[in-house]
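Turn these sequences into a full structure, and let the hints guide you.
If you're matching them up, the sequences are chains A and B in order.
Just so you know, we're using our numbering here: the first sequence kicks off at 1 and counts up by one.
Just so you know, we're using our numbering here: the second sequence kicks off at 1 and counts up by one.
Possibly wrong hints are sitting among the right ones.
[What the hints assert, rightly or not] Derived, one-sided and incomplete: chain A residues facing chain B with beta-carbon distance under 8 Å:
no. : residue
1   : L50
2   : V52
3   : L76
4   : Y78
5   : E93
6   : P115
Don't read these hints as lab results, they were simulated from the structure.
Beta carbons: idealized from backbone N, C-alpha and C, even for Gly.
One-letter residues, chain by chain:
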Amino acid sequence: MIQIQNVHKSFGNIQALKGISLEIAEGELFGFIGPDGAGKTTLFRVLVSLLVPDEGKATVMDLDVVNDYKKLRTQLGYMPGRFSLYQDLTVEENLNFFAGIFKTTLKENYELIKPIYQQIEPFKKRRAGALSGGMKQKLALSCALIHKPKVLFLDEPTTGVDAVSRKEFWEMLQSLKKQGITIVVSTPYMEEAALCDRIALIQKGELLDIDKPQNIINRYSHFLYGIKAERMYDLVKILRENTHCNSAYLFGEYVHFSSNTELDMDKLKAELISTGMENVEVISLQANIEDSFMDLMAKTNNQA
Amino acid sequence: MRIFIIKEFLQIFRDKRSLIILFGIPIVQVLLFGFALKNEIQDIPIAILDKSKDVYSQQLINKIISSDYFVLEEDLQEEKAIEEAFRKGKIKQLIIIENDFSEKLEKKNRAVVQLILDASNPNTASMINSYTSAILRDFEHEINPIPTRVPMVIPETQMRYNPELRSVFMFVPGVITIILMLVSAMMTSISIAREKELGTMEVLLVSPVKPIQIIVGKVLPYVLLSFSSAVIILIMAYTAFQMPMVGNLVLLLAESLLFIVMALALGIFISTVANSQQTAMLLSMFALLLPSILLTGFIFPIKNMPEILQYVSQLMPPKWFVIIIKNIMIKGNGIESIWKETLIILGFTVFFIGLSVKKFKTRLE
Numbered sequence: 001m002i003q004i005q006n007v008h009k010s011f012g013n014i015q016a017l018k019g020i021s022l023e024i025a026e027g028e029l030f031g032f033i034g035p036d037g038a039g040k041t042t043l044f045r046v047l048v049s050l051l052v053p054d055e056g057k058a059t060v061m062d063l064d065v066v067n068d069y070k071k072l073r074t075q076l077g078y079m080p081g082r083f084s085l086y087q088d089l090t091v092e093e094n095l096n097f098f099a100g101i102f103k104t105t106l107k108e109n110y111e112l113i114k115p116i117y118q119q120i121e122p123f124k125k126r127r128a129g130a131l132s133g134g135m136k137q138k139l140a141l142s143c144a145l146i147h148k149p150k151v152l153f154l155d156e157p158t159t160g161v162d163a164v165s166r167k168e169f170w171e172m173l174q175s176l177k178k179q180g181i182t183i184v185v186s187t188p189y190m191e192e193a194a195l196c197d198r199i200a201l202i203q204k205g206e207l208l209d210i211d212k213p214q215n216i217i218n219r220y221s222h223f224l225y226g227i228k229a230e231r232m233y234d235l236v237k238i239l240r241e242n243t244h245c246n247s248a249y250l251f252g253e254y255v256h257f258s259s260n261t262e263l264d265m266d267k268l269k270a271e272l273i274s275t276g277m278e279n280v281e282v283i284s285l286q287a288n289i290e291d292s293f294m295d296l297m298a299k300t301n302n303q304a
Numbered sequence: 001m002r003i004f005i006i007k008e009f010l011q012i013f014r015d016k017r018s019l020i021i022l023f024g025i026p027i028v029q030v031l032l033f034g035f036a037l038k039n040e041i042q043d044i045p046i047a048i049l050d051k052s053k054d055v056y057s058q059q060l061i062n063k064i065i066s067s068d069y070f071v072l073e074e075d076l077q078e079e080k081a082i083e084e085a086f087r088k089g090k091i092k093q094l095i096i097i098e099n100d101f102s103e104k105l106e107k108k109n110r111a112v113v114q115l116i117l118d119a120s121n122p123n124t125a126s127m128i129n130s131y132t133s134a135i136l137r138d139f140e141h142e143i144n145p146i147p148t149r150v151p152m153v154i155p156e157t158q159m160r161y162n163p164e165l166r167s168v169f170m171f172v173p174g175v176i177t178i179i180l181m182l183v184s185a186m187m188t189s190i191s192i193a194r195e196k197e198l199g200t201m202e203v204l205l206v207s208p209v210k211p212i213q214i215i216v217g218k219v220l221p222y223v224l225l226s227f228s229s230a231v232i233i234l235i236m237a238y239t240a241f242q243m244p245m246v247g248n249l250v251l252l253l254a255e256s257l258l259f260i261v262m263a264l265a266l267g268i269f270i271s272t273v274a275n276s277q278q279t280a281m282l283l284s285m286f287a288l289l290l291p292s293i294l295l296t297g298f299i300f301p302i303k304n305m306p307e308i309l310q311y312v313s314q315l316m317p318p319k320w321f322v323i324i325i326k327n328i329m330i331k332g333n334g335i336e337s338i339w340k341e342t343l344i345i346l347g348f349t350v351f352f353i354g355l356s357v358k359k360f361k362t363r364l365e
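Okay, here's the thing in structure tokens:
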């Protein structure tokens, strides 16, 4: 469905993409996970034919993003990172407009967007600018879907949206996927990664890993512990000085402490208490995507 | 394309700022100019220096003051006070009646009344002058009912601040041109820049819409709106400025339409260069407003300019449109005398449209 071969893209001195290669299969829900500035948006813009790569080649549905861009543009759906609808038009007018520029009508493709559109239909006379974040996003998705694209590119669709709407949004993506639409999505939220079929971890314009989320987690090679105490900030400092420490960072209510060897948790706890820590709690943890990501990031940084 | 035009109209009508620029500004400007150039004068403050203080001079002064046109602001007693009176800036006219006014009228049948006018507003000044002269004629008739060949009361007019007294008709075509140019070009450039700024351009680009469709879709609504704005300006010029309309109205409207399309094409070209609404607005202001005021002969006569600026002024589309309007409205000429100017504007139009279609980026860089 999508082939990306050694794509490079620079803006002045900044190398936004440093040789990205990967393939995305038809019907896949594929996620690009990475922090802000990792190159996700640039890669998306290359794929939707808005940017020409400096080097390398990319095809979407066997259409070259540079040479066949005209044909490609009729067949893909794109939702840019910014809320790019007409704020001064109503929900209905926005939909009619986007249907119009793709030479279709709201009626014709109503079935496809119905599950999403129904939720905002009561507000169809309201201006888009006056919608809540979650509703805006549903409207934007409806607009991107209105011409029945075979592939959908969603650039950070859930950024700035509340937790409930984010959950709903991912459920919508799952149902779209069942209809056979290939979906490529990017997100800075690690926990959303698990909802994708496959993910690519991207950082500083380079891919760290591409696989099913579970496989990436399984490859995590350290022993991971969650540690909690009274003074968390000092705790992180003390743990980083520990001889067994591979990494230690604060994640939610626990410090995630990884070690290359298996540790005796009681012994670790005693050690910490002896340094003056109070109410120490040590538990064993299963790695999540973020742990894997931090680990991969640390490894690439060490190599560099 | 149709859907594009509908959307553009919806957006324009919802954006109060656009509507104000489209209709509010032209109306206010024309009214302001119309007000400044209004041809009825009333209660104009004047000063009088009566050197003779005799029967006829008193009679004349009474006549002037009792007209509704003038109000005696200062009654000067000596010549030294003249400068002071003008410096205060309030009086618009000073009337000096020479020594032995009655005696001269009776014996020589000839006396001089000096009129010194503040001509910083040339139109008011010329108006005041003609009103005063009319009063003098009247006065003459009163004291000597038998008409004489030679006028008895000779007005000696002297203009201060702007002795040339440029014609009122210079202003109107210039104002019309500037308003059309500014409104049309600024509106389109802002509206395209807004799409870029808000990111909707990104979505438009990733759609099968062709650049020419985006451009035409953008321009058409503004053509219609600017055209109605132009009609309003012309109507107001006709009523408020008493601008003559000698020539063919249809020809004038057709030329206006052509000029509007030219200005819109220029606006699109500006927006292909500007990425934000602010840049677009500034560019239109500097690239359009200043040159069209300074280099079109609107304020400063082109003939008096350095040679190089005279060449530059040839490149200003508004200059040609000013010529066209003057020819049609004032001289009543037909297409045969302005076909050259029309062709030049047509050329600019094609040039700017071509340039913007070419410069219009189908991608983000």
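Going through the hints against the structure:
1. L50: holds (4 Å)
2. V52: holds (7 Å)
3. L76: OK, holds: A:L76 within 8 Å of chain B, min 7 Å.
4. Y78: holds (5 Å)
5. E93: Result: holds, 6 Å to nearest chain B Cβ.
6. P115: violated (22 Å)
When each numbered hint is compared with the structure, a violation occurs for hint 6 only.
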